[in-house]
Amino acid sequence: MMRKRSLVRRSAAVAAAGAAALVLAACGGDGDGSPAVGHGGHDAAASPSASSTAPASQERHNAADVAFAKGMIPHHRQAVEMADLAPDRARSAGVRKLAADIRKAQGPEIETLSGWLTSWGEEVPAEGAVDHSGHGTGDMGGMMTDEEMSELGKASGEAFDTAFMELMIKHHEGAVEMARTEQADGAFGPARKMAGEIIASQGAEIEQMNELLGRG
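Residue numbers for the sequence shown, in mature numbering (1 follows the signal peptide of the UniProt record, and there is no 0): -25 to -1, 1 to 191.
It is worth saying that the hints were derived from the structure and are not from the lab. We treat Cβ as the ideally placed atom computed from N, Cα and C, and that holds for glycine. Just to be clear, a hint being listed does not mean it is correct.
Here are the simulated distance ranges between beta carbons [what the hints assert, rightly or not]:
hint, residue 1, residue 2, range
1, Gly96, Gly171, 21 to 27 Å
2, Glu141, Gly82, 21 to 27 Å
3, Gly128, Gly96, 20 to 26 Å
4, Asn37, Asn185, 31 to 37 Å
5, Leu188, Lys168, 26 to 32 Å
6, Gly164, Lys72, 27 to 33 Å
7, Pro83, Arg155, 18 to 24 Å
Capping the alpha-carbon separation at 27 Å, the derived lysine-lysine pairs in BS3-like fashion look like this [as the list claims (entries may be wrong)]:
hint, residue 1, residue 2
8, Lys45, Lys168
9, Lys79, Lys145
10, Lys129, Lys168
11, Lys145, Lys168
Let the sequences and hints guide you as you build the complete structure.
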């Protein structure tokens, strides 16, 4: 009987010691400055990590990126405007195919460039906002004048093919120069990537047009 009571007392003492250890552990989480385990403590530990990674997903941009987007949008729009004339006026299947490729590539790029400007809080150039005259050199190199666009719109057949390619070569060369400036001075990764694609694709189209013109 005595032995049974001794076992009961020993079990009670062990249980009490265990409970005391749990209380001390719970209090210790606050006492040494470390967060206690639980929903609140988990959030406090995770918050700095979440906030530090958020800015990394938003690549920085600079003035060169803004200038590239604002310059390339009207530049691309004019190329698409020129390409839209080809289905009804071009004689050469090669010119019609080239015009279709230009529309296919540059239309989506206009949307992408516009989206970047909007996300940066910048104004997207309005349709027809660029004066085509006076942009033959500099940042807007290769842009057609209103007179050149009017003459192209009146041409047809072989005359259209020749004029289209001669004007588009100059237009593409201007775009390539703008893209090279972006690669050299820009900071926004996707814009610099697009610039590289413009250099490659429009450079290849320049070669193609020179060959069609018999200059290859």
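- Supplied distance hint 27 to 33 Å, evaluated on CB atoms of Gly164 and Lys72: 32 Å, holds
- Query: Under the criterion that the straight-line Cα-Cα distance not exceed 27 Å, is the pair Lys45, Lys168 satisfied?
  - Reply: 16 Å, holds
- May I ask you to test the hint 21 to 27 Å on the CB atoms belonging to Glu141 and Gly82? 23 Å, holds
- Query: Holds or violated: are the alpha carbons of Lys129 and Lys168 at most 27 Å from each other?
  - Reply: 37 Å, violated
- Message: Within 21 to 27 Å: is that where the Cβ-Cβ distance between Gly96 and Gly171 falls?
- Response: 26 Å, holds
- Task: Evaluate the given range 31 to 37 Å for the C-beta pair formed by Asn37 and Asn185.
- Result: With a Cβ separation near 35 Å, Asn37 and Asn185 satisfy 31 to 37 Å, so the hint holds.
- Would the pair Lys79 and Lys145 pass a check requiring their Cα atoms to be no farther apart than 27 Å? Within the cut-off at roughly 20 Å; holds.
- Distance restraint evaluation - Gly128, Gly96, Cβ atoms, bounds 20 to 26 Å: 37 Å, violated
- Task: Check the following: the C-beta atoms of Pro83 and Arg155 are separated by a distance inside 18 to 24 Å.
- Result: With Cβ atoms ~21 Å apart, the hint holds.
- Query: Do Leu188 and Lys168 keep their Cβ atoms within the hinted range of 26 to 32 Å?
  - Reply: Because 31 Å falls inside the window, the suggested range holds.
- Message: Just to be careful, I want the Cα atoms of Lys145 and Lys168 compared with a cutoff of 27 Å; is the pair within it?
- Response: Cα-Cα ~23 Å, so holds.
Hint check: violations occur at hints 3 and 10; the rest are consistent with the structure.
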